[in-house]
Structures are given as structure tokens and as C-alpha cells.
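Single-letter residue listing:
6 protein chains.
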Amino acid sequence: MPVIMVHGPKMNKEQKAELVKSFTEAASKIMNIPTQAFTILIQETERENVGVGGVLLVDRDK
Amino acid sequence: MPVIMVHGPKMNKEQKAELVKSFTEAASKIMNIPTQAFTILIQETERENVGVGGVLLVDRDK
Amino acid sequence: MPVIMVHGPKMNKEQKAELVKSFTEAASKIMNIPTQAFTILIQETERENVGVGGVLLVDRDK
Amino acid sequence: MPVIMVHGPKMNKEQKAELVKSFTEAASKIMNIPTQAFTILIQETERENVGVGGVLLVDRDK
Amino acid sequence: MPVIMVHGPKMNKEQKAELVKSFTEAASKIMNIPTQAFTILIQETERENVGVGGVLLVDRDK
Amino acid sequence: MPVIMVHGPKMNKEQKAELVKSFTEAASKIMNIPTQAFTILIQETERENVGVGGVLLVDRDK
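Chains as they are written, first to last, in numbering that gives the first Met the number 0: chain A, 0 to 61; chain B, 0 to 61; chain C, 0 to 61; chain D, 0 to 61; chain E, 0 to 61; chain F, 0 to 61.
Keep in mind that the hints were calculated from the coordinates and are not lab data. Cβ atoms here follow ideal geometry from the backbone N, Cα and C, with glycine treated the same way. A portion of the hints provided could be inaccurate.
Unchecked claim - To spell it out: a stretch of chain A is covered by chain F in this simulated footprint if at least three of its residues, at any positions, have a beta carbon under 8 Å from a beta carbon of chain F; those stretches are: (1) 1 to 7; (2) 20 to 27; (3) 45 to 56.
Unchecked claim - Here are the simulated lysine-lysine pairs, DSS-like style, with alpha carbons at most 25 Å apart: (4) C:Lys-28 <-> B:Lys-9; (5) D:Lys-9 <-> E:Lys-12; (6) C:Lys-9 <-> C:Lys-20; (7) F:Lys-9 <-> F:Lys-20; (8) D:Lys-20 <-> B:Lys-20; (9) F:Lys-12 <-> A:Lys-20; (10) A:Lys-28 <-> F:Lys-28.
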């Protein structure tokens, strides 16, 4: 029943599969909860929709 | 002012309208707060962006 | 695997149980997904930590 | 390290840049934390995916 | 109906009131939406529950 | 600037430190983003505040 939300960049399917696998295995061991109980939600965020230090990523990295 | 976030599958407009109506009515009664105070946000999530038990839904249901 | 997050007032255990039951049953029917797949997270929020219309609830309702 | 999530309407890049700038500057002063430490995530939400008072925005404003 | 979530440090009531006021006023102007429509949720997070760069804040700042 | 939110059970400080370290290292490699850019927020949730399959965890595990 743990829920993990990942707000990050665009990823391809292989990256997402690897992320979900590694997060679930690590958290399962650390929390001592079976892997079946974990739900992970990935939210890919455009660089225009992220601000760091008061500046949009899309502007900062120009 | 309660806020309810729903992370689920793609839905059509009728499903969304029904979900918002039923959640708001149920929560309004249980919490004893007027329906006008409720905001519900629906976030439709691709099966490639959800992991359960360490596997992406899009891979699990193949 | 749908995940529902509820940000609302303090509730007692009976209210939480009723909320979880009614939300899960309603969403299961509307989304056509088994009830077992649903996770609901309740986050009780102090009135000092909610702002509506630019004013904290704790100040608005004085 | 504060994280601010904004669930709102579609905005153009200028609006997003202005939002990120004003939120970061205001919060930095109020919390006494350097602007560099702030991350802001913007999630633009369709009017079909928001319910207020039990009704979808897209239906309410018809 | 925009919803803003703030994950930050412990604040006193005056800081929260100021944050809610300034965020709502700024966002109302930028989005051209009345202040009454905004809900802000503040979630105060312990330094033991935040990791930056792979290290808990409570360990980093020792 | 990726942000990861973990909604899980109570953990001690060692568990949290290990979780933050392993998640950040794994995600940094998979996303090809420096570890310094990652923020992780841990939200410990009472068993009375989680529902799975329509039942509160605190009731299910009695």
C-alpha cells in the first residue's frame, strides 16, 4: 500500500520499467513490505512546467 | 475546501462527471461539509506510467 | 492501482472507514476496476494549514 | 528544498515564468530560505478533469 | 478551483497567513481567476523527512 | 529538480536515510541527472489513514 510518486523528465519505456523495478525492490527491503503492495505513479513534466530558483527550466538551460 | 485527487485510468466525460458527483455527495455527508466546498482533481495516467509490484501495468497485462 | 488522495478535516475512525468504503465502491463501478486495486490515502489537515480565498480557515471562521 | 505544486488552468510560458518568479520570491522571504532551494511543479489541468461542488468545470460553465 | 500545495518547513501562523495571502493574490492576477477560487494546502515537513542530493536534511546540516 | 514523494509506513531515521540514498542513486543513473538535483519528500501515514480494497489497513490486519 505504499504509494510513490515520481515527478521527473520524459523517459522511455525502458527507463520507466527500470525505475519502477529498482524503487520497488529497494523500498520493499527497507520497509519490510512485500513488493506486491507497492504502487508507483510516474508524472512526466515538461521543462516549461518546472521552476528552480525562481526560473523555468526551459529558460535556465537556454 | 477539502481537495480530492484521483489518479486513475483514462475515462470519458460521463465517467468523470459521475465520479465527481458521487465522491462529492458521499464525502459531504461523511465530513458534514457543504458540497460547494469540495474540489476534485482527476489525473488520468497512462498504463506505461504506473508500476504495481515492481512492473509497469503495460508490461504486466500483456 | 488507482490512487485517491483525500485532503480534508480531522475525522474519526468510523468516518474514515465509511469514506474509504464508499469511494472505493463508487470508483470501482465507474472505472470498471476491481475494488482490490484501489489505494486511498487520507491526509488530515489542520485549519491553520488551509487557505481559501487568500485567508487561513482558522482566521476566516473566527 | 521546499516543493510547491500548482494545479491550475492552461497557461502560456510568460504566465508560468511570472508565477514561478513571484511564488519563489515571496516564499523565500516568508520562510527565510534561499530562492535556489525552491522547486515548483506546474500541472495544467483540463476543465473536464476538475470538479467543484460535485460538477465538472466544463459542465458548470456552459 | 486552482489548488496549490506547499511542502515546506515548520512555520508559525503569521508566516502561513502571509504565504496564503501573497500566493493567492499573485496567482489570481497571473491566471485571471478570482481569489475566492483558490485553495492552498500547507504541509509542514520534518527535516528528517526530506532528502536532497541523496542525504536527509537533518544529516546534511549537522 | 525531479521530486519524489513517498507515502509509506512509519520509519526510523536509518530507514529514511537508506531510502533517500538508494532512490536518489538509482534515479540519477536511470534519468541521467545529477544526484544534487533530486528532492525526496517522505510522508509517513498512519494505518488508520490508508484504505486498500475499501477497508482501512488498521481494520484489515486485525
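Outcome of the hint check:
| no. | hint | verdict |
| --- | --- | --- |
| 1 | 1 to 7 | holds (count 7) |
| 2 | 20 to 27 | holds (count 4) |
| 3 | 45 to 56 | holds (count 3) |
| 4 | C:Lys-28 <-> B:Lys-9 | 14 Å, holds |
| 5 | D:Lys-9 <-> E:Lys-12 | 32 Å, violated |
| 6 | C:Lys-9 <-> C:Lys-20 | 18 Å, holds |
| 7 | F:Lys-9 <-> F:Lys-20 | 18 Å, holds |
| 8 | D:Lys-20 <-> B:Lys-20 | 36 Å, violated |
| 9 | F:Lys-12 <-> A:Lys-20 | 24 Å, holds |
| 10 | A:Lys-28 <-> F:Lys-28 | 20 Å, holds |
Hints 5 and 8 from the earlier list are contradicted by this structure; the remaining hints agree with it.
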